[in-house]
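Modelling step: build the complete structure from the supplied sequences, incorporating the hints.
Protein chains: 2
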Amino acid sequence: MTSRLDITILVTTVVMTLKQISTRFSIAVHTLSLIAVSPNDCTGDFIAGSVNTNPVVIRRIMGMLKKAGLVDVRPGVGGATLLKDLDRITLLDVYRAVNVTEENQLFRIHENPNINCPVGRNIEQVLQAELKDAQSAMEQRLAGTTLDQLISKFE
Amino acid sequence: MTSRLDITILVTTVVMTLKQISTRFSIAVHTLSLIAVSPNDCTGDFIAGSVNTNPVVIRRIMGMLKKAGLVDVRPGVGGATLLKDLDRITLLDVYRAVNVTEENQLFRIHENPNINCPVGRNIEQVLQAELKDAQSAMEQRLAGTTLDQLISKFE
DNA sequence: CTAAGTTGTAACTAATATTGTTATAACTAA
DNA sequence: TTAGTTATAACAATATTAGTTACAACTTAG
Chain A
146 MTSRLDITIL VTTVVMTLKQ ISTRFSIAVH TLSLIAVSPN DCTGDFIAGS
196 VNTNPVVIRR IMGMLKKAGL VDVRPGVGGA TLLKDLDRIT LLDVYRAVNV
246 TEENQLFRIH ENPNINCPVG RNIEQVLQAE LKDAQSAMEQ RLAGTTLDQL
296 ISKFE
Chain B
146 MTSRLDITIL VTTVVMTLKQ ISTRFSIAVH TLSLIAVSPN DCTGDFIAGS
196 VNTNPVVIRR IMGMLKKAGL VDVRPGVGGA TLLKDLDRIT LLDVYRAVNV
246 TEENQLFRIH ENPNINCPVG RNIEQVLQAE LKDAQSAMEQ RLAGTTLDQL
296 ISKFE
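These protein sequences, in sequence, are chains A and B. Under my numbering, the residues of the first sequence are numbered 146 to 300, in order. Under my numbering, the residues of the second sequence are numbered 146 to 300, in order.
Please note that the accuracy of each hint is not assured.
The list treats identical chains as one, so a pair stands whether inside a single copy or across any two.
Subject to a maximum C-alpha distance of 20 Å in a straight line, what follows is the list of computed SDA-like cross-link-like pairs (lysine to any residue) [as the list claims (entries may be wrong)]: (1) K212 <-> R241; (2) K211 <-> R233; (3) K212 <-> T168; (4) K229 <-> V202; (5) K277 <-> A288; (6) K229 <-> E300; (7) K298 <-> T235; (8) K211 <-> A193; (9) K212 <-> Q285.
In short, the hints are calculated from the structure, not lab data. In this text the structure is predicted, and so the values were computed from the model without any measurement.
Set out below in structure tokens:
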């Protein structure tokens with residue numbers, strides 16, 4: 146006669162990470178702060194050395210800041226200058242400069258719900274309004290801080 | 146004698162799209178609303194039909210809502226029930242249930258800046274505080290709406 | 001007890017975003 | 001003319017999302 150007991154214990158840990166807002170934003174803030182603090186010789190290489198990344202990453206972000214009218218970058222000679230006063234540049238300005246999204250929508254809503262269902266028929270419009278407000282609350286907080294204020298907190 | 150004129154016009158359009166917050170969130174809101182409105186026969190297939198997606202997508206999200214203590218899902222028999230009253234479930238509860246991130250940080254900040262630079266030395270701490278506030282403003286807005294309020298806006 | 005329907009979940013794919021990298025053309029001033 | 005720089009294309013590695021198929025485990029009706 147044989148007797149047998151099998152016990153299997155399986156522990157599975159699933160780590161999911163939400164895609165967060167790109168470091169482009171924080172790098173852009175870093176870059177603008179550096180241009181403000183060290184107006185001379187702010188080349189892509191110099192900034193990359195402070196941010197600790199590749200110069201091309203900086204130049205890509207500089208291109209966005211340039212397109213947003215925040216900086217002037219001089220090809221050839223190098224270096225960048227701010228086109229607006231520090232107390233006229235808010236974190237929201239920078240956020241918008243580097244987060245090029247269609248419609249600037251932070252939240253996505255699933256598409257084509259079933260309109261034969263009372264929930265499917267209404268969810269998009271009702272939820273859209275709520276999420277717009279939530280995004281707006283975040284952005285208004287960003288708009289409340291200027292680079293001037295930010296830099297004044299450096300030690 | 147040859148005369149030659151070359152004109153090249155190159156127009157490049159670069160469309161960048163920021164990764165937005167996953168549709169998991171809106172699908173989860175949809176799902177919970179549906180369970181509230183149609184408490185009977187709310188199986189994964191039924192919900193998927195209303196959301197217009199694959200049932201596995203729904204079951205994955207249901208698993209997260211279950212883990213967050215918002216719903217009870219019965220294996221085998223099927224169907225889900227809400228574990229909290231509609232006026233006690235906020236959009237923030239749902240958001241947190243499906244956006245499993247380390248530290249729940251919406252914003253990322255670039256790592257290892259150069260500490261020999263006054264900007265690199267300070268940027269992380271100073272910016273972190275600002276972004277935390279901005280994220281908090283968004284979340285508090287989400288916390289201000291319950292599923293009860295949301296559903297009452299359906300026509 | 002069996003059959004039908006369901007949940008739970010693994011595994012895979014396609015599409016897309018991010019970040020870093022190399023390479024090269026074009027530009028500017030000494 | 002030369003050295004240093006910006007602008008940008010191209011590519012790789014990595015990661016997330018959303019959809020899909022497949023299958024084991026579960027529950028209840030009959």
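Hint by hint, here is what the structure shows:
1. K212 <-> R241: Answer is within: at 11 Å inside a copy they meet the 20 Å cutoff, but 35 Å across does not.
2. K211 <-> R233: Classified as within: same-chain Cα gap 16 Å, cross-chain 47 Å, threshold 20 Å.
3. K212 <-> T168: within (18 Å within a copy, 30 Å between copies)
4. K229 <-> V202: Classified as neither; 23 Å inside a copy, 47 Å across copies.
5. K277 <-> A288: Both, since 16 Å and 14 Å are each at most 20 Å.
6. K229 <-> E300: The answer is neither: 24 Å in one copy and 48 Å across copies each exceed 20 Å.
7. K298 <-> T235: Within one copy, since 15 Å is at most 20 Å while 35 Å is not.
8. K211 <-> A193: For K211 and A193, only the intra-copy Cα distance (17 Å) is at most 20 Å; the inter-copy one is 45 Å.
9. K212 <-> Q285: Classified as neither; 22 Å inside a copy, 33 Å across copies.
Hint compliance for this structure: hints 4, 6, 9 are not met, and every other hint is.
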